Amino acid sequence: MPGAKVTINGLSIGKISNIDFLPSTTKILVTMDVRKELNFSKESAAMLYEVGLIGGKAISIVPKFDNNKTIQSGDTLRSEIKPSFTDLINRQIEPLQIKIESMLTSADSLFVGVSNVLDSDTQANLKNTLENLSVTMENLNNASLAAHNILAQNQEQLNATFVNIKDTSENLKSITDSISSAEISRSINQFSKTVAGLNTIVSAIDAGEGTAGKLIRDEALYDNLRAATKELELLMRDLKNHPKRYVHFSLFGKKDKPYIPEEN
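In my numbering, the protein residues as written are 1 to 264.
Derived by calculation from the structure, the hints in this document are not laboratory data. Note that the structure is predicted; figures quoted are calculated from it, not measured. C-beta: ideal position from N, C-alpha, C; glycine also. Any given hint could be a false lead.
[Unchecked claim] Quick list of the computed label-pair ranges, beta carbon to beta carbon:
no., residue 1, residue 2, range
1, Ile-150, Ser-106, 34 to 40 Å
2, Gly-10, Gln-157, 23 to 29 Å
3, Thr-122, Leu-96, 25 to 31 Å
4, Thr-136, Gln-157, 27 to 33 Å
5, Leu-133, Ile-28, 40 to 46 Å
6, Leu-104, Lys-42, 48 to 54 Å
7, Thr-76, Ile-98, 34 to 40 Å
With the hints as constraints, model all of the structure from the sequences given.
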């Protein structure tokens, strides 16, 4: 059918553009559009084959390579037909059916020959067995034809279903890739902002800006702050050990003891 793909070794190289009768004949002419850069010989064959069990028809180029006979636009290739799955089944069943029919004929002759030897019940059982075998083979052949008809009648619906499944799978993959890409991009941007902020803080400290910068850059201020902290620590320790030196009540006018600082 127009639009069906054209392949070489399974790789799509084009599609069928038109199907029509050859003038004044009953032969079919299939027109194909393929890649221009292909250089297979015009001695190659165009083989019609079945795409899977329910995938419709396509054409596969069976290439030959001859630089002196490279195919040109408008050339015609010889055609071939690859047997379908149903054809292969029928080919396997047909010889088996012929053999069984031959066996039935031989068995019928044998039945006539031994009719005088076997009793009537045995003859009836043998006849029923052979008849059942014949019915079984006929049912098998009918089942094969029915399966082929069902696939042919529902081919468009089945093809549409598989196309929808393929499209859905591709859409899900696209959505997943987009989500993953967005999350990674957002994380990288956030990390870049954090690093930029840290660089700004470090630069400010290095330039002597702010309290931290002044402490790092001004050694005298740092030494004074350290000394004041040490004195405050000694004062708090003395207050804890000798609270009466700082807070007391005198009911009888007792004099305070003089404060003697601790030695470092």
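Outcome of the hint check:
For Ile-150 and Ser-106, the hinted distance range of 34 to 40 Å is satisfied, since their beta carbons lie about 36 Å from each other. With their beta carbons about 26 Å apart, Gly-10 and Gln-157 fall inside the hinted range of 23 to 29 Å. Against the hinted window of 25 to 31 Å, the Cβ-Cβ separation of Thr-122 and Leu-96 comes to about 27 Å, which satisfies the hint. Checked against the hint of 27 to 33 Å, the C-beta distance between Thr-136 and Gln-157 comes to roughly 32 Å, which is consistent with it.
Evaluation of the 40 to 46 Å hint for Leu-133 and Ile-28 yields a pass: the beta carbon distance comes to about 42 Å. A hinted range of 48 to 54 Å for the beta carbons of Leu-104 and Lys-42 is consistent with their spacing of about 52 Å. Between Thr-76 and Ile-98 the Cβ separation comes to about 39 Å, which falls inside the hinted range of 34 to 40 Å.
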